[in-house]
Amino acid sequence: MTTTNYDPRVLKAPHPVPGAPDNWKRFFSFNTDAKVIGIQYIGLALFFLLVGGLLAMVMRGELITPPADLVDPSVYNGLYTMHGTVMLFLFLFPVLNGFNNLLIPTMIGAPDMAFPKVNAAAFWLVPVFAVVLLSSFFVPGGPASSGWWSYPPVSIQNPLGHLINGEFLWILAVALSGVSSIMGAINFVTTIIRMRAPGMGFFRMPVFVWTAWAAQTLQLIGLPALTGGAIMLLFDLSFGTSFFRPEGGGDPVLYQHFFWFYSHPAVYVMVLPVFGIFSELITVYSRKPLFGYKFVALASFIITFLGLIVWVHHMFYTGTPQWMRNLVMITTMLIAVPTGVKVFAWLGTLWGAKIRLTTPMLFVLGGLVNFIFGGITGIMLGTVPIDIHVGNTYFVVAHFHYIIFNTIGFGIFAGIYHWFPKFTGRMYYEGLGKIHFTLTFIGATLNWLPLHWAGLYGMPRRVASYDPEFALWNVIASIGAFMLGVASIPFILNIVSSWARGAKASANPWRAIGLEWLLPSPPPAENFEDDIPTVISEPYGYGLGKPLVEDEEFYIRRSMEA
Amino acid sequence: MTSANPDLQLKHQPGHIKHDGHNLTGFIIFLCSESIIFLAFFTGFALLKITSPEWLPSGVDGLETKLPLINTVILVSSSFVAYFAERYLHKENLWGFRAMWLLTMAMGSYFVYGQYVEWSGLPFSLSSGVFGGTFYLLTGFHGLHVITGILLMGLMLFRSFRPNNYAKGEMGVTAVSLFWHFVDVIWIILYVLIYVWQRTT
Amino acid sequence: MTSTRRNPKKPLPIRLLVVILSATVVDAFLSFQVSRWAYGWLPVPASTAAPYVDDLFSLEVGIGAFVFIGCVGFIIWSILFSRAEKYDESDGLPIEGNTKLEITWTVIPFVIVMALAFYSIHVNEKLASLGPKQKYDVAVNQSPDAVATLDARRDVGPIEVISRQWSWEFVYPDGVRSSELHLPLNQRANFLLISEDVLHSFYIPAFRLKQDIIPGSVISYSITPTREGRFRLRDAMFSGAYFSKNQTDVIVESEQDYSDWLKATASRPLVQGLSPGTALYEKRLKDGDRGWATVPPAPPPMVNDPGNPDAPHDA
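Residue numbers (our numbering), protein chains in the order written: chain A, 724 to 1285; chain B, 1261 to 1461; chain C, 364 to 678.
Since the hints were made in silico from the structure, they are not lab data.
One thing to keep in mind: the hints can contain errors.
As the list claims (entries may be wrong) - Computed cross-link-like contacts, DSBU-like style, restricted to lysine-lysine with a CA-CA straight-line distance of at most 30 Å:
id, chain 1, residue 1, chain 2, residue 2
1, C, Lys449, A, Lys1157
2, C, Lys463, A, Lys1077
3, A, Lys1269, B, Lys1309
4, B, Lys1271, A, Lys1017
5, C, Lys463, A, Lys1269
6, C, Lys463, A, Lys1017
7, C, Lys449, A, Lys1077
8, A, Lys1269, C, Lys449
9, B, Lys1309, C, Lys498
10, A, Lys748, A, Lys1077
11, C, Lys449, A, Lys1227
12, A, Lys1269, A, Lys1157
13, B, Lys1309, C, Lys496
As the list claims (entries may be wrong) - Here are some of the chain B residues that sit facing chain A, going by a computed Cβ distance under 8 Å:
id, residue
14, Lys1271
15, His1276
16, Cys1292
17, Phe1301
18, Leu1307
19, Leu1308
20, Glu1314
21, Leu1386
22, Leu1397
Quantities reported herein were computed from a predicted structural model and do not represent experimental measurements.
All C-beta atoms, glycine included, are put in the ideal place defined by N, C-alpha and C.
Just need the whole structure built from these sequences, with the hints factored in.
Now the structure itself:
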């Protein structure tokens, strides 16, 4: 609600009051409003995107020449380890939790999450484990330096022999991150199951809610396995046990099973919500219903189920038996089917559409093109004989960055631009957005496309130096990386200046169909408060002429008046 | 109502915010997740036991099963006592509830004590190869959960003395009871894996 | 789910079908071309396994190119021809789905990926027969030879491949020790892969072979080289500070050259073998030990033939 009355009672209110002088303080407090927590997550995550990106700039600076001439190899190892860890645990998972917080309650017509205090606690754990993780740069011996996988025995060698070392802090940070994520997952799943608006059966939920639910289910099932493996690793590192130490009868490959049992589903945790974002945005900017909504919704859970039985494809040449590799190759190939259903559904939605190439749509289409490429290289990696050749080379690095940045990153940017007006009440600058997209698409392609060939020709990953025949690919890649660094400038400028002084956004600037667009921009503290609408149609009814809710006119007028 | 047209007849019944009833759902989801970490430990334990070239540390022939069996009986029985406590609470017999609840806590504490006695008499340590590591990790992690359960029960007991806490208290007791049964089932699996299935080579 | 409302008497959209068909043909042609180029994206094939891997790779590149060109072509076509006019606020076609189409695009990919999977299993079995792998767990005081069963169909070996932080050592059956791996052409060589400390990986890109080496175990592995030359052997499993330097060469030569080398090397005295990490670590210590924690390198292996690390390699 706009208010020009800065009455102290209003200023004390916990929810954001746009225009009020102290509004920004709410984002630095223990605030239980999911919309505030969502912005806290996203803001913090974008900060760590820059931190992880800075580490990447140093890495690509090292790799622009064959010898290890920029930093000591031991330092390079710490950098690439922390790059991966920061990007995954301090950027990707928090930013997606931010989207969940903003979108799940508003999309299902709930006032807030099921457990608001737990929600806030889960967020505030993030700065805590961030401090734990980043403090490892300053302990004797430096940070963890065995990759974000932290495979034993090399990760538990502890050369200096101190109890508190980089690896110890790394394990602690990852464990805390797991606690925060599980708290979030319990919240999101309970909210979706129990707090939907009247009339919103499962097959009237927006696809983003389906994919968020599928993703959080994976967190609930997979994270405890990682925690278990991390505890055993910590004990091996610090308390003299031998779970993974061969000298004591342990098995290093057992750790890999624990690790990948979570970390493979983790990639679906990251990509599923972005599939949801793609579904939401393609319909708005094509002005068409989603092609095959029910198939797309169900495919999310098929991906969840299959995602739990393929982890061994990260271990095809690490000493697993033949029967296991053949079996997992089949299950891995199968995941292409529900994923293909989604991709073809998006293409079907483009048919006969009225496409508007706004910044969010550009990122969606660019992300989709990149995803098709990344998915194909994924099928190659799932083929055992090919994986034996390209596994642990830059082919893998190129593949997963095509998914993590060129698809998921693009989807996150798309979502930020699309929902920016709704949750900040301001419009972003479209021109800067298009510049951001152009630089990002070109930079990302230059950065990772050439590296596929470096890997095919045999360049291993995680190396600080390489044979001179790989130089050309690496020079192009580094140029692309530096371009990506530059691309962050229009993005930051856009977000900051638009929030501070962008044009006021209406309740529904995109003329989109969805419960969140029936709320004012930004929505009030408890969203629909005590007048939750009754849903009467399937989502994305573009061109079908049916209202989404009972008395839609009433809600539209109410959102415009606030 | 909208100021634009105050006479507009509304067709919908406003859906109101549901404020309660989510806690048990959330707790059950939490327990499912927690069971996976135990499942991970059990799987690791079983795999290491089957594949390790050397299992028992030198000088150790196996584990004594009599004392742990007594502990098991007491812990499993305490689950039934907790169930009786819940029944008393449901019939609004607060003192009956408190008595049974306290007995459950006592039996749980005896279990923890028994575990401590067993640990202090063992000839191997945490760093005695795979066997020592997995034994202390599994029993220790489980013991931590028992202690947590006892503390949570204490909290419920304390809250039962608060006036008018009845309705909210019943939900809390159901949750803690569930947690206790969970801890019990985990122990039964643990007992079979560690004490009943012993590898002697 | 409503399907597109169609008057059953409506004539088939001939133009559309022709466009789709010709696009498909162009796509197939381009994909076939790309699949042939794919052979050039791999190192020179130098083992009996390589042709099978390369054929499979080419097939997947072809199928992938077909899907990519098709999908991206459609996206570009949509961007060009399905744009909304500047002030056009109307909606697109109100199509919610088409069950037949959805079933088709579920079943066809399913068939394709299953076919790929079973073909790959077939290739896998072929590779396993060309180069069987077997892992044996080794207890602390056991010798690897006591545990491992060797490949009965080997022509050469067993050659012990000892990986350390950060060097490779090859021990031949007659006791010759080398920093470079010499192999006779077209002879099946059996290796015993051993690690003395952490995980390493035995990766020879030209052979299309990679096998992680797990401490506490010995892996019996065989391969048959089919091309003479000098090929890189790289450690592909991260193993610590100087991991990127843990590389050496594989020299495939004629049987005659190979036995000549063996005989000549047997009489050479033992010297320090190739271990680039040693010199780098010494330099680091001299410069004040700046840098993050690392274990010191294992002492360089004592070998008869320390090799020629500066010689140019083929792949």
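Evaluated hints:
1. C:Lys449 with A:Lys1157: Roughly 17 Å separates the two Cα atoms, so the pair holds.
2. C:Lys463 with A:Lys1077: Distance ~24 Å between lysine 463 (chain C) and lysine 1077 (chain A) Cα, so the pair holds.
3. A:Lys1269 with B:Lys1309: violated (63 Å)
4. B:Lys1271 with A:Lys1017: holds (29 Å)
5. C:Lys463 with A:Lys1269: holds (25 Å)
6. C:Lys463 with A:Lys1017: The given pair, whose Cα atoms are some 14 Å apart, holds under the 30 Å limit.
7. C:Lys449 with A:Lys1077: holds (10 Å)
8. A:Lys1269 with C:Lys449: Given that 30 Å is the threshold and the Cα spacing comes to 25 Å, the pair holds.
9. B:Lys1309 with C:Lys498: holds (18 Å)
10. A:Lys748 with A:Lys1077: violated (42 Å)
11. C:Lys449 with A:Lys1227: Judged against 30 Å, a Cα distance of about 22 Å means the pair holds.
12. A:Lys1269 with A:Lys1157: The hint is violated at about 33 Å.
13. B:Lys1309 with C:Lys496: holds (24 Å)
14. Lys1271: Hint on lysine 1271 (chain B): holds, closest Cβ of chain A at ~6 Å, below 8 Å.
15. His1276: holds (6 Å)
16. Cys1292: holds (7 Å)
17. Phe1301: At about 5 Å, which falls below the 8 Å cut-off, the nearest Cβ of chain A leaves the hint on phenylalanine 1301 (chain B) intact, so it holds.
18. Leu1307: At about 6 Å, which falls below the 8 Å cut-off, the nearest Cβ of chain A leaves the hint on leucine 1307 (chain B) intact, so it holds.
19. Leu1308: This hint holds: leucine 1308 (chain B) lies near chain A, its Cβ roughly 7 Å from the closest one there, short of 8 Å.
20. Glu1314: holds (5 Å)
21. Leu1386: Check passed: Cβ of leucine 1386 (chain B) comes within 6 Å of chain A, closer than 8 Å.
22. Leu1397: For leucine 1397 (chain B), the interface hint holds, since the closest Cβ of chain A sits about 7 Å away, which is under 8 Å.
Of the numbered hints listed earlier, those contradicted by the structure are 3, 10, 12.
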